[in-house]
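Undergrad: Protein sequences, first through last, are from chains A and B. Numbering that gives the first Met the number 0 puts the first sequence at residues 0 to 337. Numbering that gives the first Met the number 0 puts the second sequence at residues 0 to 337.
Be aware that a few hints might be false.
[As the list claims (entries may be wrong)] Partial list, computed: chain A residues near chain B (C-beta under 10 Å):
1. G183
2. E212
3. N214
4. P268
[What the hints assert, rightly or not] Think about it this way: if two alpha-carbon atoms lie no more than 30 Å apart in a straight line, the pair counts; the simulated DSS-like pairs of lysine-lysine are:
5. K260/B x K260/A
6. K260/A x K136/B
7. K93/B x K118/B
8. K271/B x K271/A
9. K271/B x K274/A
10. K274/B x K271/A
11. K136/A x K328/A
12. K81/A x K118/A
13. K136/A x K194/A
14. K194/A x K194/B
15. K118/B x K136/A
16. K271/B x K260/A
17. K271/A x K136/B
18. K81/B x K118/B
19. K118/B x K328/B
20. K260/A x K274/B
21. K194/A x K136/B
Derived by calculation from the structure, the hints in this document are not laboratory data. Values in this document were obtained by computation on a predicted structure and should not be read as measured data. Beta carbons: idealized from backbone N, C-alpha and C, even for Gly.
2 protein chains.
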Amino acid sequence: MGVTVAIDCMGGDHGPVVTVPAALSFLRSHPAVNAILVGREDVLAPLLGDALAGLGSRVRVHHASEVVGMDEPPAIAMRNKKDSSMRVAVDLVKAGEAAAAISAGNTGALMAISRFVLKTLPGIDRPAICSILPAVKGHTYVLDLGANVDCTAEHLLQFGIMGSMLVAAVDHIERPRVGLLNIGEEAIKGNEIVKQAGELLRGSGLNFCGNVEGNDIYMGSADVVVCDGFVGNVALKTSEGLAQMLSTFLREAFGRNIFTKLMALVALPVLKQFKHRVDHRRYNGAVLLGLRGVVVKSHGSADGFAFEQAIARAADAAGNQLIERISSKMASMSEAAA
Amino acid sequence: MGVTVAIDCMGGDHGPVVTVPAALSFLRSHPAVNAILVGREDVLAPLLGDALAGLGSRVRVHHASEVVGMDEPPAIAMRNKKDSSMRVAVDLVKAGEAAAAISAGNTGALMAISRFVLKTLPGIDRPAICSILPAVKGHTYVLDLGANVDCTAEHLLQFGIMGSMLVAAVDHIERPRVGLLNIGEEAIKGNEIVKQAGELLRGSGLNFCGNVEGNDIYMGSADVVVCDGFVGNVALKTSEGLAQMLSTFLREAFGRNIFTKLMALVALPVLKQFKHRVDHRRYNGAVLLGLRGVVVKSHGSADGFAFEQAIARAADAAGNQLIERISSKMASMSEAAA
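Construct the complete structure from the given sequences, taking the supplied hints into account.
TA: Below, the structure is given as structure tokens:
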């Protein structure tokens, strides 16, 4: 019983040294989840040690001879590496042996492979990448974050549906608030596509709360924020840059001299608590939505803790019928439209 | 001698109580700048006290009977309020009585009025809004931030030119590095317009350093970052939201109990230094670029210190021939193309 996940153990900046211990640690703390560790047997075996025995039939290694490079063009990875750990992990989902795949490998390749192998759900034109960001209150799901640079209003509507169903599955909020990312400038409230998307969302039966602005992502004004992949990617990367700059400045301020270093020492518990609250590792694990299977992308530079969050998200989405929820919402909408 | 600026003293969330003292304080510390304070004489006079005498002919009040509301539709403000302080300040630039106008009023109205009164420079299709953001190294000018939601590749090229000339004028960097905001996803490097804009910028004679991503804004990888107004506005607002969230979290972490409050007290000098470094007030003053005159928009909620920065930016741009620089670059480019 329980959910089985297929883990691409070779992907990411660090590869198996991080993914294997993270997978084992996750399995130990989540007895209802089983895992198939995908990758080169000769590389994975030594890292497993006697863990396989301890976890019994809940974990097994599935050999895959190739690895997709972090900078490899997606088309090449898809065409030439049919036995890559990434491809095999997704194949296992397709074959029904696993309910979800997790990879820290190259996003473009993972998206291309997932789309090719699993195909999109009925009514979904394009899959989207959905991440979670922290907010003053709770957290916010944002999509698309880079899979689709040119979106129609219909695509944005589909993102709204997929995001809502993800929140329903994972956060158990039955009618999540959906906001449409727009700009606040009085003169020109958004472009034509965004205006049309607003109309579609209003008539969708979703809990649409209208336009939101960039700052609303971090205020928690909506559970799901919908935007095209170009805008979403810029918002995400800009946030990463700002967070990095602020952390650099804070470190520099406390590191200036012996007195400021002492102050840092005194303030350590507070700084730690602050750091925990905004720890991006807790939010690791972007969901590739709209496919006939759950696929989760971990950040390439994820450490063990972060990688475990990505596994958790995948197991959670699969265990809470994410795919069925999206399918059934799409079906009911196409019935209503017919 | 010196630069004369026209200040809309009625605009902004606080109006004259903030703008008038800020203007006087600025004039006292900048003896080469003169100011025309625009607004209702009966409101401004009591705030001036005997400052007019002290500053001699360097400052005068220009009466304007109306005020543009912060939420007033730009078209209405433009059509119906010909004697608004905002309109009159821009009129003074048009008439040559001032070299620059500053307003903390509604952005849409200021853009509409400036465009109508001053017109765009030859070769410039659309004015853009350019702000400065802090970076790990130095700072970064970003445009457009919301004036244009649908941009062609040519518009993005023009933004690159205008931004470069602003940096040349204000920061005295003769060949500023210009980056094109794009997304890093391997599969799909930007949409068609951004790709074309890249080609145009490469052939422009500007110091084009290629694509940059959202995080580069805060890394200082380029002096000028060019994007369409929708993307730029989202990036800016997202940053504001994130900064606000982090500052809330930091305050909450230090405010939890008596011990953490004591830690905050100890760490106060460091926190102050950190706060100063990222103080958004220092970056106040967005430049409306591409017009036949310098117009600077202050944040509506600016306090006196922030409003002074906006005045400084306007005086600086006008004093360093911003308009002439843009005109001459546009002329040389159209000659080269002919």
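Undergrad: Taking the hints in turn, state whether each one holds.
TA: Evaluated hints:
Hint status for G183/A relative to chain B: holds, with the closest Cβ pair at about 7 Å, below 10 Å. About 5 Å separates the beta-carbon of E212/A from the nearest beta-carbon of chain B, less than 10 Å, and the hint is met. Interface restraint check: N214/A against chain B, minimum CB-CB distance 3 Å, threshold 10 Å, status holds. A least Cβ separation of about 7 Å between P268/A and chain B falls short of the 10 Å threshold, and the interface hint therefore holds.
As the CA atoms of K260/B and K260/A are separated by approximately 18 Å, the hinted pair is consistent with the 30 Å bound. Annotation: proposed proximity of K260/A to K136/B holds, straight-line Cα distance about 23 Å (limit 30 Å). Between K93/B and K118/B the CA atoms are separated by roughly 9 Å; this keeps the pair inside 30 Å, and the hint holds. The straight-line distance between the Cα atoms of K271/B and K271/A is roughly 19 Å, inside the 30 Å bound, and the hint therefore holds.
Restraint check: the Cα-Cα separation between K271/B and K274/A comes to about 19 Å, which is no more than 30 Å; the hinted pair holds. A threshold of 30 Å between alpha carbons decides the hint, and for K274/B with K271/A the separation of about 19 Å falls inside it, so the pair holds. The hinted pair formed by K136/A and K328/A meets the criterion: a straight-line CA distance of about 27 Å does not exceed 30 Å. The straight-line distance between the Cα atoms of K81/A and K118/A is roughly 17 Å, inside the 30 Å bound, and the hint therefore holds.
Distance restraint check for K136/A and K194/A: the Cα-Cα separation of roughly 28 Å lies within the 30 Å cut-off, and the hinted pair is therefore satisfied. For the hint pairing K194/A with K194/B, the CA-to-CA distance comes to about 25 Å; that is within 30 Å, so the pair holds. Of the supplied pair hints, the one linking K118/B and K136/A is violated, its CA atoms being roughly 45 Å apart against a limit of 30 Å. The straight-line distance between the Cα atoms of K271/B and K260/A is roughly 15 Å, inside the 30 Å bound, and the hint therefore holds.
Proposed proximity of K271/A and K136/B is supported: the alpha carbons are some 26 Å apart, at most 30 Å. Between K81/B and K118/B the CA atoms are separated by roughly 17 Å; this keeps the pair inside 30 Å, and the hint holds. A distance of roughly 18 Å separates the Cα atoms of K118/B and K328/B; the hinted pair therefore holds under the 30 Å criterion. As the CA atoms of K260/A and K274/B are separated by approximately 17 Å, the hinted pair is consistent with the 30 Å bound.
For a cut-off of 30 Å, the pair hint linking K194/A to K136/B is broken: about 38 Å separates their Cα positions.
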